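A.B. asks: Protein chains in written order, with this note's numbering: chain A, 1 to 287; chain B, 1 to 245; chain C, 1 to 339; chain D, 1 to 424.
Calculated from the structure, these hints are not laboratory results. Some hints here could point you the wrong way.
So the derived label-pair ranges between C-beta atoms look like this [unchecked claim]: (1) B:G38 <-> A:V152: 40 to 50 angstroms; (2) C:L35 <-> D:E364: 45 to 55 angstroms; (3) C:S92 <-> D:P134: 47 to 57 angstroms; (4) A:S126 <-> D:K390: 16 to 26 angstroms.
Calculated lysine to aspartate or glutamate pairs in the EDC-like style (CA-CA distance at most 16 angstroms, straight line) [as the list claims (entries may be wrong)]: (5) D:K390 <-> D:E237; (6) D:K83 <-> D:D342; (7) D:K87 <-> D:D347; (8) D:K339 <-> D:E364; (9) A:K91 <-> C:D38; (10) B:K62 <-> B:E6; (11) C:K290 <-> D:D70; (12) B:K29 <-> B:D186; (13) D:K136 <-> D:E352; (14) D:K135 <-> C:D166; (15) D:K264 <-> D:E287; (16) D:K136 <-> C:D166; (17) D:K211 <-> D:E237; (18) D:K133 <-> C:D166; (19) D:K393 <-> D:D266; (20) D:K135 <-> C:E310; (21) D:K152 <-> D:E109; (22) D:K389 <-> D:E287.
Computed, partial: chain C to chain A, Cβ under 8 angstroms [to be verified]: (23) G112; (24) V116; (25) T118; (26) L297; (27) L306.
Predicted model, so just to flag it, every value in this text is computed and none were measured. Glycine residues also receive a C-beta, built at the ideal position from the N, C-alpha and C atoms.
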Amino acid sequence: MTFSTLMTVLLYGVTIGATYTLIASGLSIVFGVMGVLNFAHGSFVMLGAYTGFTIVRLTGNFWLAFAIAPLIIALLGGIVEKLMVSRLYGKDIPSTLFLTFGLSMVFSNAVLLLWGGSSYSIQLPSYFRGFINLFGIYYPKFRLFVLIFSCVLVGVMWLFLSRSRWGLPIRAGLFDLETVEAFGINIYRVFSILFIVCSAIAAVAGVIIGAMRSINPMMDLDLINVALIVIVIGGLGSFKGALIGSLILGLAEAFGAQAAPGFAKFTTWLIMAGVLLLRPKGLFSEH
Amino acid sequence: MLLRTENISLNIGGLQILRDLNLEIAEGKITSIIGPNGAGKTTLFNVITGRMSPTRGQVWFKDKNIVGLSPFRIARLGIARSFQITNIFERMSVFENVCIAAQTNFPYRSSIFSQVSKDVATSRKAEEILELIGLEQMKNRRARELSHGDQRRLEMGMSLAIEPVFLMLDEPTSGMSPAETAATIDLIRSVGEKVTICLIEHKMNLVMTVSDKLIVLNLGGKITEGSPEEVASDERVQKIYLGTA
Amino acid sequence: MADSDVGGRTVSNRRLIEAAILLVLVLLPLGSGRLFSDFYIALTLRILIFGILMLGFDLLAGYCGLVSFGHAMFFGTGAYVAALSWRYLSDSVWVGMLLGLGLNAVIGYVLGLLVVRTRTVYFIFLTFAFSQFFFVTANSWRLIGGTDGLTGIPAPTLVPGISLGDRIPFYYFSLGMLTIAYWVARRIVNSHFGRVLRGIHQNEERVKFLGYNSPLLIRRVFLISGLFGSVSGTLMACFQPFVPPSYYHLSLSGEFVMMGLLGGMGTLVGPLMGTAIVIFLGDFLSTWLKEAWMLCLGGLYVVCVLFSPEGLTEIISKLSATRLLSKLFGRGDRHTSGN
Amino acid sequence: MAKDKGERALKKDLMSRRDFMKTIGVAGGAALMTGLPGPLYSAQAAGPEIRIGHVTALSGVSSDMGPLLDKGLRLAFSLSKYKDRAKFFLEDSQSKPDVAAQKALKLYEKDNVHLLLGPILGNESPAVAAVLKPKKKILLEAYGANAYLVGKDCSPYTFMLGHTSYNMSVPLAPWFLKTLGKKVFLVGADYRTGRDVALYFREAFEKIGGKVVGEFYSPLGSSEYAPYLPQIRNAKEKPDGVFGFYIAQDCINFVRQFEEFGLKKDGYVYVNAIGGLGIQYLDAMGEAAVGFYDSFHTVPYADTPQNRIFMAAWQKAYPGQIIDEACMGGFDAGTCIIKALDAVQGDSTNTEGLVSVLHKIEYESPRGKVRMGPNNGTIVPVYARKVVKKDGKYRHEGTFLGYYGTPCGPQYEWGACSLGCPSS
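Turn these sequences into a full structure, and let the hints guide you.
C.D. replies: Take a look at the structure:
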């Protein structure tokens, strides 16, 4: 393991971790604050990717897709929250899981019917194509953007949660719905907006992943798999946990691939089972 | 001496909840533990019944140290307990609630092979308990549909059904009407002949009439103990309860 | 329990309905070829086989409140072990079944120790994680066929001479196994153990303070439900002469949860009905709506979770005109309403 | 005239399905409530109908290929003299082995089909074969690459028209040595086919003096190759080319990241076995794939007389629809069935007759001359295809490498086939 290979793998691990943060952060907030385990979160990311792809194909403008796709998916998220998810607030967590499990089937099949089974990918603008030589390491430009963008987005979410006027009731909602409601804050309006925002974040993650990798109707299973492992490791409902969990998973995949490729598949499951057994509530759980 | 605690202490996150408690519960007697809210009464019950483990100290039951035993082992030693917040099987019938408790007295209590429909002994035991606590007409009602007072009596009945040696009741009459409270007092007194009872109660008239011995707790420490009359005349108790001396 | 307290009348009624259903199932093969094509016997067989697993699943999820998202691990193990034993050891179906039960008992015991400390969501995640572990192992272990799984499995024999390869003997064998499984499940539910399980489902703390070692009892029901899954896997390996690693996949575990929820857990009969619905409707929709089948099944699932979380048995026991039906379909622990 | 009827037949089929959608509520509801078996026994249609079943993936992993295979199959028949007699029964295997087996059973038992075109994936085909073998029913496979089905699990009733990982990797060894060079870096998805391709290629390549300078196998279905790609750059000796096997989405991600991480710019060339750079994936790969190679037994848009007829018919039947390996595979299977039907005078119920004809069949299809080997596995023309960009469209330039079947015998992992083994 020469120094440059170590640096390369570390950089890749951090980037993969950054993309996982985008995917898992929305799921973690929705679960943390609203107690809703959204198995369809992967589908929202997938729908974001497909919407982004369609916009880029129609208009040829990547940034337009980057802006519009989240709005469309946010609208969809609002509808789903209003009609279905809001009926389950306060109910036990498994029933929210079963609802969204059914929803993920509906979305995955809808994508198959609308866009068909073939694979697509979002064409990047020319300045994002190619790679740069980052002191000896070949590194794609777009991934650098993804790394920076994820850090910025996570920073904004962090400030939003911890500092802003909205942040306090949301974090409070984490602990006790009734008391927050008693303070006259319409917690359910907060939940709707939060679900919509998290859907939008999922869509942004979708556009980015759609540009980095191929889009197909089966990608939602892979995405929700990653998101579940991250929030289990990081701790159910803890935003900080989701960040750390994503980094751990990203680095584990990167280093796992170097050390023992054969066991790369097992590393993620072993980490997840290990955390579940030692600290059932995850590393940073507040729930 | 049925049960003896030896400088039991408990602190959670720097907060001293129980301070070196040395208590004795005499066999065959009804002992009441009184004290203002937050004095550590329920916490003491939790320590004795194994729900919480103390930071220091031992609990001797029939000269056997039971600290560290899991709650079900302590229960099997004959220590039954009711909770401050009613803890029953709400979606089951009243009869079923008592049956689950009653069947612990038999070897087949959780056996896969024995059939509930053929088990006459448990049913008879459950019928007895239902008569004792006066809920036999509600036998097939779902526990959820009972009034708060009836639910508390049901929970007491379940604790009795496991034929305990030592019965710990955490505010058994809270939320009961005066009539129900009076009936419960008679029940406690009649049960008290066979079983050693320890009560946590706020209703002074009940405590004074029923208990043989009183223990007064405040801020996790023992203030005094003795017969109801001695404790009532102790000015420290008056200061705590009445705020004046 | 529904039957024990209102005297013999309702008990015999429920047995009547059960006998009637059994009779229909016994006579079904006679109709094949005339009333309907032989394929529907194969479809009914899938319902019988998965029904056995769902009885075990219901003991754990319906009666004890622990919904497992990884029940396919018992199913897959039962199938793999039986297939390997028929190919290399002996072609008796019992040897394969017993070996499957043995290994699944070990798995059920070991995982039980790990799983017992978790509840609700964490139980779901842990069972999900373990089953994925089996899925990944099966996919990459070349000895048991890797991604292709095992193919060309010889048809086992019930007793030397009677092969279970052809459909009718295997149909009655599976029907027999389901009947036995149902009888065993009923006895467990009606046993003292079953009653305490329902207690654990509603209020585990109270059960502990009555003197029951609830973790031990949960481990026991976890193991038992695994054994049901094992028998089901063994039968499937006999019904279809191949064992793909997808028997361990999340989509199968998810289907089991769906069957339980659609049917209505905690009634034994509900999950069996859920199995019939998911398998029969799944095939029906897939043929007629081709690629849109998942949309409908997913939609039905969402509607069921939203509007009747207790599943079909709830709807039937509410709508059922006669008390008979509600006795059969009513959930054991919520039957008495002030009668 | 002939074509219109064919086309109308296709439209009618689509219409009937849409009408049915309206009544789905009633039928679905009825089945649901009564819980009885579904529509009762469909009456047996009289007349020399040719009932052809097709189990393929309309949903799941390979849902992009299923519909195209089906269209190719139907197009072949719409151009033949059996177009009015042919009746098609399409079932969705959902890309799952046990569903594929269940649907194959349904087609033969409920719909009484005479012939069956099997599923796409390499783990679905053995499942269907295992279920149909005792029933002595014909199974044709345009894909479903699995060497065991031409080895010890072969059967007189199962015919592999497509390829296996063997005859798609071994022919590339001499070509690689001649075109690219002596040193190769092996890659692939860490599952059976991925490992097999690398293994067979390595044996053939080292036998003719080639040298493997490094290898890695990444988990199946992984979409991040960043941690693996540096290993190619850090290999002891600089490889003349990278050879391996990734399927569908994995291949797209691998090729794109191969370019993103600068390997393509530094002159590394990637060769993917078994048609990973097929037409339907080239759009998603974009520029990254240009200049790379793959191996397959079909070259869409190739300029051969057979292919020109096919392309004309396809554009007329499905205007605007791209032509790719899947639809040519379907058309090829249709051509083979039609050739076999001719030999038994169109009597599709004569299973034994069809089996003996198919066992020694030779036919000409858009991919070239195809001959059935003794182990019921076809001996197909193999091409090394280079991806080029011609007037804005991604196309392949095919180099013919020769005819290759899949040998069998005790020395191979998939063993010997009781029906016999081809020489090479």
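A.B. asks: Taking the hints in turn, state whether each one holds.
C.D. replies: Checked hints:
Under the hint 40 to 50 angstroms, the C-beta atoms of G38 of chain B and V152 of chain A, about 48 angstroms apart, fit the expected range. Between L35 of chain C and E364 of chain D the CB atoms are about 47 angstroms apart, so this pair conforms to the stated range of 45 to 55 angstroms. Separated by about 20 angstroms at the C-beta atoms, S92 of chain C and P134 of chain D break the suggested range of 47 to 57 angstroms. Evaluation of the 16 to 26 angstroms hint for S126 of chain A and K390 of chain D yields a pass: the beta carbon distance comes to about 22 angstroms.
For a cut-off of 16 angstroms, the pair hint linking K390 of chain D to E237 of chain D is broken: about 34 angstroms separates their Cα positions. Distance restraint check for K83 of chain D and D342 of chain D: the Cα-Cα separation of roughly 13 angstroms lies within the 16 angstroms cut-off, and the hinted pair is therefore satisfied. Under the criterion of a C-alpha separation no larger than 16 angstroms, the hint pairing K87 of chain D with D347 of chain D is consistent with the structure, at around 14 angstroms. The straight-line distance between the Cα atoms of K339 of chain D and E364 of chain D is roughly 9 angstroms, inside the 16 angstroms bound, and the hint therefore holds.
A hinted pair counts as satisfied when its Cα atoms are at most 16 angstroms apart, and K91 of chain A with D38 of chain C does not qualify at roughly 45 angstroms. Pair hint K62 of chain B plus E6 of chain B holds up; C-alpha atoms about 14 angstroms apart against a cutoff of 16 angstroms. Taken as a hint, the K290 of chain C and D70 of chain D pair is honoured in the structure, with Cα atoms around 13 angstroms apart against an allowance of 16 angstroms. A C-alpha spacing of about 15 angstroms is found between K29 of chain B and D186 of chain B, which places the hinted pair at or below 16 angstroms, so the restraint holds.
Of the pairs offered as hints, the one joining K136 of chain D and E352 of chain D holds, with about 9 angstroms between alpha carbons and a cut-off of 16 angstroms not exceeded. Distance check on the hinted pair: K135 of chain D and D166 of chain C sit about 10 angstroms apart at the alpha-carbon level, within 16 angstroms; holds. Under the criterion of a C-alpha separation no larger than 16 angstroms, the hint pairing K264 of chain D with E287 of chain D is consistent with the structure, at around 11 angstroms. With a CA separation close to 14 angstroms, the supplied pair K136 of chain D and D166 of chain C stays within the 16 angstroms bound.
Distance hint between K211 of chain D and E237 of chain D is fulfilled; the C-alpha atoms sit about 10 angstroms from each other, no more than 16 angstroms. Of the supplied pair hints, the one linking K133 of chain D and D166 of chain C holds, its CA atoms being roughly 13 angstroms apart against a limit of 16 angstroms. Distance restraint check for K393 of chain D and D266 of chain D: the Cα-Cα separation of roughly 25 angstroms exceeds the 16 angstroms cut-off, and the hinted pair is therefore not satisfied. At roughly 43 angstroms between alpha-carbon atoms, K135 of chain D and E310 of chain C are farther apart than 16 angstroms, so this suggested pair is violated.
A distance of roughly 27 angstroms separates the Cα atoms of K152 of chain D and E109 of chain D; the hinted pair therefore is violated under the 16 angstroms criterion. About 9 angstroms separates the Cα atoms of K389 of chain D and E287 of chain D, which keeps this hinted pair within 16 angstroms; it holds. For G112 of chain C, the suggested interface contact is broken, since its CB lies about 13 angstroms from the closest CB of chain A, more than 8 angstroms. Using the Cβ-Cβ criterion of 8 angstroms, the hint placing V116 of chain C at the interface with chain A is not satisfied: the shortest such distance is roughly 11 angstroms.
With its C-beta approaching chain A no nearer than about 5 angstroms, T118 of chain C sits inside the 8 angstroms limit, and its interface hint holds. The criterion of a C-beta within 8 angstroms of any C-beta in chain A is met by L297 of chain C, whose closest approach is roughly 7 angstroms, and the hint holds. Because the closest C-beta pair between L306 of chain C and chain A is about 6 angstroms apart, less than 8 angstroms, the hint holds.
Hint compliance for this structure: hints 3, 5, 9, 19, 20, 21, 23, 24 are not met, and every other hint is.
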